[in-house]
Amino acid sequence: MKRVAIQADDFDISAELAALEALGGGGVASFTGIVRGEGGLVALELEHYPAMTQRQAERIAEEAMARWPLLGLSIIHRHGRLLPGERIVFVGTASRHRAAALEGCAFLIDWLKSRAPFWKKAHYADGAGAWVAPRAEDEAKAQGWDR
Amino acid sequence: MAAVTLVYFAWVREAIGRDEERVELASPEETIAELVARLAAQGGGYAEALADPDRLRAALDQQFVGFDQAIGTARELALFPPVTGG
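From first to last, the protein sequence lines stand for chains H and L. Going left to right, the first sequence walks through residues 1 to 147 as this note's numbering numbers them. Going left to right, the second sequence walks through residues 1 to 86 as this note's numbering numbers them.
Hints listed in this document are in silico derivations from the structure and should not be mistaken for laboratory results. Watch out, some of these pointers could steer you wrong.
Dumping the calculated DMTMM-like pairs for lysine to aspartate or glutamate here, alpha-carbon to alpha-carbon at most 20 Å [what the hints assert, rightly or not]:
id : chain 1 : residue 1 : chain 2 : residue 2
1  : H       : 2         : H       : 58
2  : H       : 121       : L       : 30
3  : H       : 121       : L       : 14
Using the sequences and the hints, build the whole thing.
This is how it looks when you write it as structure tokens:
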């Protein structure tokens, strides 16, 4: 099972986890990213490059399946205008044992953070908007998986 | 003469004021760096968005590439800031 969804709509985490649990492995790992409402942020706008996002995410999903003995994985990334507390991203992996599930999950979210063509714009209560700057730490984490 | 479709994202798109346009290449050997410098020289929003290539990333036909890459027969060149997904 290899599920990649780039969508505006929210998703059902229980259903996503249940699909991974049904693959018969001994472990399922997941990461969910949520919009933080700090610093007066009222909304986060996610822009992406549709022609590239799906293709790149499918490629990285294949790489994860090749690098770790995964029974399945799910990548869901939302775009559009999201409010504080809303889910942005979900990554889930299933494997016979926990190490592959946890490592595969970390690899996928680190990749999404610094290699997937998404851009975040923060909107504040006073009407100001600012494009979020990339963090050097995120790039370093992604490079840590390169080989 | 060969041409390429340029697509812009995030603040690059906002500064230039459009999300895509078709541009004639100076030659098939023209590199991304050369085209970006040529566009930045138009001034205004182009200069604002493209004057400092260190702040930009590029994808040629939906693949990340370096700025020394020749555009050649590619159909689409995307210019954008470093990504901030996840």
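Results for each hint:
1. H/2 - H/58: holds (8 Å)
2. H/121 - L/30: violated (32 Å)
3. H/121 - L/14: Roughly 12 Å between the alpha carbons, so the hint for residue 121 of chain H and residue 14 of chain L holds.
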